[in-house]
Amino acid sequence: MNTTAAAAVTASPHAHDRSGVDRIMLNVCLALVPVTGFGIYLFGLPALLMWMLCIVSALASEALCLWLLQHPMSRLLDGSAVLTGWLLAITLPPWSPWWVAVGGSAFAIIIGKQIYGGIGQNLFNPALLARIALLISFPVPLTTWAIPYLNPDLGQSIQILLGNMPTLIPTPDALTGATWLGDSKAAMKAGGDMTEYLSSHFNVMDAMIGERLGSMGETSALLALLGGAWLLKQRIISWHIPVSLLGTLAVLALVTSTSEPERYAPVGFHLLSGGVLIGAFFFATDYVTSPTTKLGQVIFGMGCGLLIFTIRTWGGFPEAVAFGILFMNSLTPLIDRVTKPRVYGRNRQGDVIKHVPAQRRVN
Amino acid sequence: MLGSKRYRGGVHPVGHKADSRDDSILTDVPLPPMLYLPLCQHTGDDALPLVQIGDRVLKGQKVAKANGRLSANLHAPTSGIIKAIDTITMPHPSGLPARAIWLEPDGQEQWTELTPHPDPYSIPHEALAGMVEDAGIVGMGGAIFPAAIKLRQGRRFEIKTFIVNGSECEPYLTTDDKLMCERAKEIVEGAKLVRHIIEAYRTVIAIEDNKPEALAAIRQAAEGIGSIEVVAVPARYPMGSAKQLIQAVTGHEVPAGSRSNDIGVLVHNVATVYAIQQALIYGKPLISRVTTVAGGCIAAPRNVEALIGTPVQHLFDSCGGVTSAPSRLLMGGPMMGQVLPTADVPLIKGSSGLLALTRKEVNEHVPAPCIRCGRCVNACPMGLLPLEMASTSRKDDFEGAQDAGLRDCILCGSCAYVCPSHIPLVQYFEYAKGEIRDRRVGEQKMLRTKELADARKARIEAEKAAKAAAKKAKKKKAKPAKKPEPSSEETA
Amino acid sequence: MNYPQLFKDGLWDNNVAMGQMLALCPLLAVTTSATNGLGMGIASLAVLILTNTLISAVRGVISPQVRIPVLIVMIATAVTLTDMAINAWMHDLYKVLGLFIALIVTNCAIFGHAESFASKQPVIPALADAIAMGLGFTWVLVAVGAMREVLGSGTLFANASLLLGPGFAWLETTIFSTSPDILIAILPPGAFMALGFLIVIKRLIDQRLRNREEAGLVQMQH
Amino acid sequence: MLIATLVLTLMGLVLGTLLALAARYMAVEDDNPMTGEIEDLLPGSQCGQCGFPGCGPAAEAIANREADVTCCPPGGRALAETLAKMMDIDLSTLGDAAEPQLAVIDETLCTGCTRCFKICPTDAIVGASKQMHVVVNEACTGCEQCMEACPEDCISMTTEEMDLTRWHWHKPEAA
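Chains as they are written, first to last, in the numbering used here: chain R, 616 to 978; chain L, 2 to 493; chain E, 23 to 244; chain A, 311 to 485.
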């Protein structure tokens, strides 16, 4: 018997590990299940509908772009569009109206990703870019947070999704409020005292479990950490970006709050409020928009932490995770350039390393 | 030179080594009906045939001699008749033909006269290197660089460390492993001989720590000799690459663009060292080698000692045959091995393994766009940026690819192994390297034609001038009297 | 002089903003509404007409060595005149555009045409070129302004009467009154996106036309 | 006002003079300075495959953008790329350069008339009178002059055959 191989002619290697883009995306989605599930439990049907709408419209936008660009439709299956829609959903107020969800997803996919050339080419994280575009365009719905456990029924939920929010709930006054970050910022502007504000509002237990105002991704610190731990365990992400980001933020908060506790928020408040944890594990670690080298990732994380602290403390917006990460996204190519690994046999500048030449023998 | 003994990057591919490690080396492969000996089984120019069609040759008789740059001798693996000197399909992914000697065995296995050397240490160093050259030995780990040239280079430099490379890091392959287990004494003897030739200060046999039996066998064989160290190096692909092994053993890096003997290190594969020992002690030329026959399609994977020139199919059959249609046939390991166009190609000196892999083992996917995950950067043992090298190569920006590290790339395939987008990174690099070589060849050719054209122009002008001068001289001779007249008129 | 081609160049093929990618600074900065775009467009048109005719008229007198300083002085004069005129007669619009009108001096479109066209051509073609280029620039400004205004504030040609007089109040329309405004359209990023999409549309149309032309050629050959 | 006018006039005078001087001393000659540089790059075998009488006119045509940078078959892709970079031309818009050609002499027909090797611009044909001539592939530029000179029609042009030393992996299909 004569053996001939199938006609595939490719260069080495002829073995491959079990990784794949779809597996990576699937794992990230899995890591998002706890926070999303808890968010839907907290904020009820409108959150579920909004989440689904985000994913469906992200997929639809991706399909539209693939069709326009005449790329294979099979790319839909790589899971990146689903993930973008999902990530956007967990950053939005849970009771956002339909046009925020649809417009945001379309913006994320079309302008945030496909205009740059599709998967792998975008400079900014699409979901965060869309979130910021939405925040700038529609400040009111984007800062209207639902209160947990209102449990509207399906009819009410659809009304909420259509944007007719306040009339349906018996206690409309209680419906909206600001998150801790917004609240504390307002209090500080009014000349308040940080320690006083914290003692009356902030509660570590609530922050960990998540019974508070906020988007689905930012309420429960514990579940966000759980998702992050899963990503680390699956080696989807490495520790470099989350640790350097959280570490920088913690150190800055520690230094400032110990020196002036009545003006600056303490470490716990910074780490547990807002989207810091979800941002550090899910958004800052986005492959496409973060540096590829370990050193670069540390620099990137530290930059994010510094910016988040700066904007939160002295900036105009109460929350800064998205701004900080987007700003550092724009520096990623530069960071990648300066943190190139040292090549074997060369020094950092790329010159051949010096060596003592082995002496030639006389004979 | 940095002092770190741990090289960066690397991967841990699934080993599959147990499949072929259990059985001992199969030495009694029946003679195939025909042996094909390609004239080029080494890095350089074709060897020159010394025989003619119809000649009867004896086992071990030289049938082709080294000719030109980096060439090597070729010997008859068995006694028989030369049937043809013609082209065959080469064991090369291109499937292109090349010339080979076709030898039909007569089944008598009649040896040519060998000259054993009971005490090779009494022979001068240079003559020993000459004997290695005569035996046609090339690097058998896959580099196929003529061993004698390496030994002579080693003599010109002060070799501080001589490393015997027993860190077979490719999955599936257990050739060196089994050779070390079963022929430890010979390998240690060979190492001693090479050390003697190059007069190295330190001799290290480096074995990956996932081969405990080989380590034990070599340690036992080296015991009492003293000057030979046996070192266990961590098992990580590509530990078998000379540059990485040198760093793991000595802590020094080979400067970019230099050879290992520039920093006083020489590396030889264990199989090469074994072949050198056979040649120096028994006078045996390189006519057979141990190779791993494995892969999911092989019924009984194991190591075989086979004659050079044996068709691959014959070796498959002697390992129980092929159970299912292989998705890919390989020569060498799966990480750096080359695709074989068919199983009719012959075994050559550099074949460390013959694999018939199933579709599942190859695990090939349609490439997807790069998502910049950076896994290739972390896997690269050379510290390069494979993703940049691939994207620049794709745009035919070869200068950019060189800058991103193509010039330092060792094509180990670690990057492509881990790429979640299944981008054929190594093929991009091979393509870019090939194109760069084409450009250089083209440029050289143009420079040459330019020189030739200029030379011709100069020659023709010189000829013309010479002719004109001759004519002038003739004229002068013919009319010497007439000439002054007009001039005198002019002056008047 | 091929006048139809001149106008086709100015309005479409070689449009200042979309073909040559010049004068993007005022374009991005002032087009928060269609009215602002129109105002800026008219101002640029006026400056172009003034400078192109003037420069063309004196082109024989200027020595080539000092032509660039002379051009700059003439353009600066024309711009200052326009600036003063708008301030005098359309003061409200001036409050919006004021800063950018002065910047027309450094507008590459105007300088480029003075240098490459007006200084080499007689007065009439130079005037025609100025009108073509100015109108081309104006429509792009209006288009970008309109896109941003409709998305960002739901109106079209708001405050047009400030620019064109009360007789044009009918231009002011409100498109959406209920849905929320997409503020990002009026903010600077919106300008980049609107211009980007406009350029994409132009190129798509051009590509279509070219394909059709090629198809036509092929048919003719058969 | 008077001072301002004076200052401006003075500046105008000074700067104008400066510009006039600059125009005189920094004048660029009309001859395209690239012609010489390009001619140095061309093979210089005057083979005429580009359609110009020789390498000099071809260089001038390339410098004035009247000829494509891919017009020189003996230069091949390497030359085309160097020229494209020099002239700032995107090579991908020009299509492929012609595959370099090699002359082959049919051994059975060659009479050894020596006409071909006398005319060869790069001395790429070796042989002697009444003996078979052979083309040295490394020096042949494929200029076809020998083909025209051969009275026996025994010279043909081929592309160089692929072999193991020249083969390399093709570019993978784009993802």
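These are calculated hints, taken from the structure and not from any lab test. As the structure is a computational prediction, the values presented were derived from the model and not from experiment. Fair warning: there could be bad hints in the mix.
Derived DSS-like pairs (lysine-lysine); straight-line CA-CA distance at most 25 Å [what the hints assert, rightly or not]:
#1 A:Lys-428 / L:Lys-396
#2 L:Lys-396 / A:Lys-481
#3 E:Lys-224 / E:Lys-30
#4 L:Lys-396 / R:Lys-969
To spell it out: a stretch of chain R is covered by chain L in this simulated footprint if at least three of its residues, at any positions, have a beta carbon under 8 Å from a beta carbon of chain L; those stretches are [to be verified]:
#5 898 to 908
#6 920 to 926
We put the beta carbon where it would ideally sit given N, CA and C, even for glycine.
Hints versus structure:
The hinted pair formed by A:Lys-428 and L:Lys-396 fails the criterion: a straight-line CA distance of about 44 Å is larger than 25 Å. At roughly 10 Å between alpha-carbon atoms, L:Lys-396 and A:Lys-481 fall within 25 Å of each other, so this suggested pair holds. With a C-alpha separation of about 14 Å, the suggested pair E:Lys-224 and E:Lys-30 falls inside the 25 Å cut-off, and the hint holds. Of the pairs offered as hints, the one joining L:Lys-396 and R:Lys-969 is violated, with about 34 Å between alpha carbons and a cut-off of 25 Å exceeded.
Coverage of the stretch 898 to 908 of chain R by chain L holds. Counting CB-CB distances below 8 Å, 5 residues qualify, and the rule asks for three or more. Evaluation of the coverage hint for the stretch 920 to 926 of chain R: breached, as 0 residues show C-beta separations to chain L shorter than 8 Å, against a requirement of three.
Consistency with the previously given hints fails for numbers 1, 4 and 6, ordered from lowest to highest.
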